[in-house]
Amino acid sequence: MKLSQQQNCNTRRNNSFRTTGPLDSSVDSAFKPLASFFWVVLHGLCCLISLVLGFRFSRLIFFLLFSTNTTSTTNHYTVPALLRTTSDATQTLTLQTPPVLITDTPSNRTNPATTSSRVVVGRHGILIRPWPHPNPIEVMKAHRIIERVQREQRLQYGVKNPRPLIIVTPTYIRTFQTLHLTGLMHSLMLVPYDLTWIVVEAGGTTKETAALLEKSGLRTIHIGFEERMPITWEARHRMETRMRLRALRVVREQRLDGIVMFADDGNTHSMELFDEIQSVKWIGALSVGILAHSGNSDESSSLLQKQEDEENLPLPVQGPACNSSGQLVGWHTFNSLPYVEKSATYIDDRAIVLPRKLEWAGFVLNSKLVWKDIEDKPEWVKDLDKLVADEEDLDSPLSLLEDTSVVEPLGNCGRKILLWWLRVEARADSKFPPGLVFFFSNSFSVVYILLPCYLYFFVLYILLPLSDTGYDQRYYMFFLFPWHFLVVISFYLHLMSDDLPECIHMAYS
Amino acid sequence: MKVPIWVFVVVAVLATAFVLRIGAEELDQSHQTERIAGSAGDVLEDDPVGRLKVFVYELPSKYNKKILQKDPRCLTHMFAAEIFMHWFLLSSPVRTLNPEEADWFYTPVYTTCDLTPNGLPLPFKSPRMMRSAIQLISSNWPFWNRTEGADHFFVVPHDFGACFHYQEEKAIERGILPLLQRATLVQTFGQRNHVCLNEGSITIPPYAPPQKMQAHLIPPDTPRSIFVYFRGLFYDVGNDPEGGYYARGARASVWENFKNNPLFDISTEHPTTYYEDMQRAVFCLCPLGWAPWSPRLVEGVIFGCIPVIIADDIVLPFADAIPWEEIGVFVAEKDVPKLDTILTSIPPEVVLRKQRLLANPSMKQAMLFPQPAQPGDAFHQILNGLARKLPRDKSIHLKPGEKILNWTAGPVGDLKPW
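Which chain is which? The protein sequence lines are B and L, in order. Here this note's numbering is used: the first residue of the first sequence is 1431, the next is one more, and so on. Here this note's numbering is used: the first residue of the second sequence is -14, the next is one more, and so on.
Hints listed in this document are in silico derivations from the structure and should not be mistaken for laboratory results. This one's a predicted model, so the numbers in the text were calculated from it and none came from an experiment. For every residue, glycine included, the Cβ atom is placed at its ideal position computed from N, Cα and C. Mixed in with the good hints, there may be bad ones.
Incomplete in silico selection of chain L near chain B, CB under 7 Å [stated by the list, open to error]:
#, residue
1, Gly26
2, Asp27
3, Ile203
4, Arg209
5, Leu218
6, Tyr230
7, Ser252
8, Asp297
9, Asp325
10, Pro333
11, Val336
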């Protein structure tokens, strides 16, 4: 029925075209080009309007003009925003315009035998509310619902009795310390379990590090280590081990309970790591992805890159190796042979930094292993004091054990990489002092552009007219327009420098 | 009478044990699932064996096997329930080979298996096929004429059920096939006060492949971070370019109102992680399309995503066994512009309760058609529904010579033999 009606309209339109043509020709031959010109102009105008609107509005017009059977059901057809703004050309962004009412003609083909149904077949309007944008109060409500759902999920499927964590971090003051520690601090602030952060600082405790730790709001134990950090990587690795043992001594003295995790400040930790280590009983091993820093692109490293691409080496991983039944049979370690000549010796070298055979970061311990005198201490663990006194080179927590087969492989038997090892330090010629201070804030730099402009306008419009010097129009043309342009640009920069608030849902995913 | 002290002690111990047990029960309730009881009671786990007997007619293979051989895609599309129901009944303990003792009669005719190259079923020959099948059973067995089909059931999972057309206007014009007026129809289409839904029909979910969904399960502790999720068409550009016909304008309304809303993850893409994303969403939209039902309901139930049903007057599967108002959220089509207000004003406890109901394994089982059949699945729910209609009164048996059905009703094209 709809189709036939529209066909009627079309034929009517065609008829009108056909009737006016011969009519005009019969009246006056002079009027004919005028009339046809008029129709061409009207047709062109209709085409243009349709182009702007995006649909053929002629059907709409004819529907409005010629529809006879209007039923009682009226559907609101709020015209899309495009039509509104073009119709209200004078008003720029009026969104309170009332919706255009178009009566709809639902087909009356519903079977008269059925009872009256709310649902009718036929064309329905598309309901759009006048302000189709999110309401911030509702967004907050939605986030509260999501948070409640996630909390319930964690209660049901997550870790049942979470144990507190003890994080051991060796650090020292240097250019990139803020960078690394801030990243680690943010990771630890997101951990949903109780935690104690033991930070051992080489060269004694400093105010900068203490200020940084203060910002975290976590429970921290800041310990100073008397020696300064050496400048070679070899010596640094050894010193970091000694710093970690110092931290373990604190755990032992204060009898801190929980799971000890070694988080170096250069490393990156995923949040699933903290859930995974809750399942450790005595000592666990994780897979660590090694991001061997390849330095700058000089010849040596580019050659290495090509070699790597040819061999298609995947990410090197250190961690437990299991057999098919899930038992620990060995260890994956880092193969440093290809890199030996090109590795960095000094901390600020521009070359690859190699990890040790097995990094401390890949191990987690139950803190009871380092306690003195507990009842159910396993036999296979050595006493910490004895180890330190013997001054052996402990290159990994495995030296704490008599028997390495008791290590529990975590992360789906080492198949899942939950943390990445990386050592990045600033170059020797880095200009930043130890402890980076941010001098330039967001809009501060823009003031450098705005300030001279304000000064300039002050001079031009206030000082100069007040003074007696005659300034003429040439000065206006010379200086005014470029500076105006600059002012406008800096004004917009100033506006854009206020960052939009971060999407809140990033925090949940 | 002096009551010895040990009586008091025993009573006190029993009382505390009782109280603790109640506490434990309440604690249990706050745990993962909740029992489901619909209007017919707690019937999801009923066993139909022994409550009814079904006789399966032996039709020539041109009605079933040959059609399937011509196009094996019929086993994986969403109308595959008719084929699997046949296979299930052939080997089920409710089947009887003696038609005299049967309560229900099943005719295995695959009417939804004539597919286009794209995989959509063409319903044009289905009325003739059904008619021919009924003519066959009425001439070879006396049971059809005995009741004119009142104790027979047919599975018609197509868009509008036994109206056998994909366009709603044409389907309403045709109405239910006149010969099936007295039979019980097992169909996916359900809408109240609609020609194509008879009183007493059983609505079933569309077929969704169970193994494919099981293969995409993710660990349940993955946090649900998407608020509302939907993937599908909003405008059917091929058949309804200007909008307004498709989904009665509801899907277009959803798009226009919420395309800029970060809480709504809606688009027309076909991601490979569709099932995984549903498991990370709290609400999944199930709006109507050309027909009110969709497999999204089944997928939402399996993946624990609360279905938001936008279809006026829809009748959901197994509506008497499953209390859908408590499990899903119903939004009227005229309220779609206020969808975000409606969804955010649901209290979190209600959301958690709905998730608990959805987590009930018998709920998930009832939506699936697994091969081989398992207790509590959709096949058994259909049989339960049929069993709930028994016992019948004798009035369905016709007196000799009485005729109710008009064998020549319907469009002329239907009367041609198949």
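So, going through the hints one by one against the coordinates:
no.	hint	in the structure
1	Gly26	violated, 28 Å
2	Asp27	violated, 24 Å
3	Ile203	violated, 11 Å
4	Arg209	holds, 5 Å
5	Leu218	violated, 14 Å
6	Tyr230	holds, 6 Å
7	Ser252	violated, 16 Å
8	Asp297	holds, 5 Å
9	Asp325	holds, 6 Å
10	Pro333	holds, 4 Å
11	Val336	holds, 6 Å
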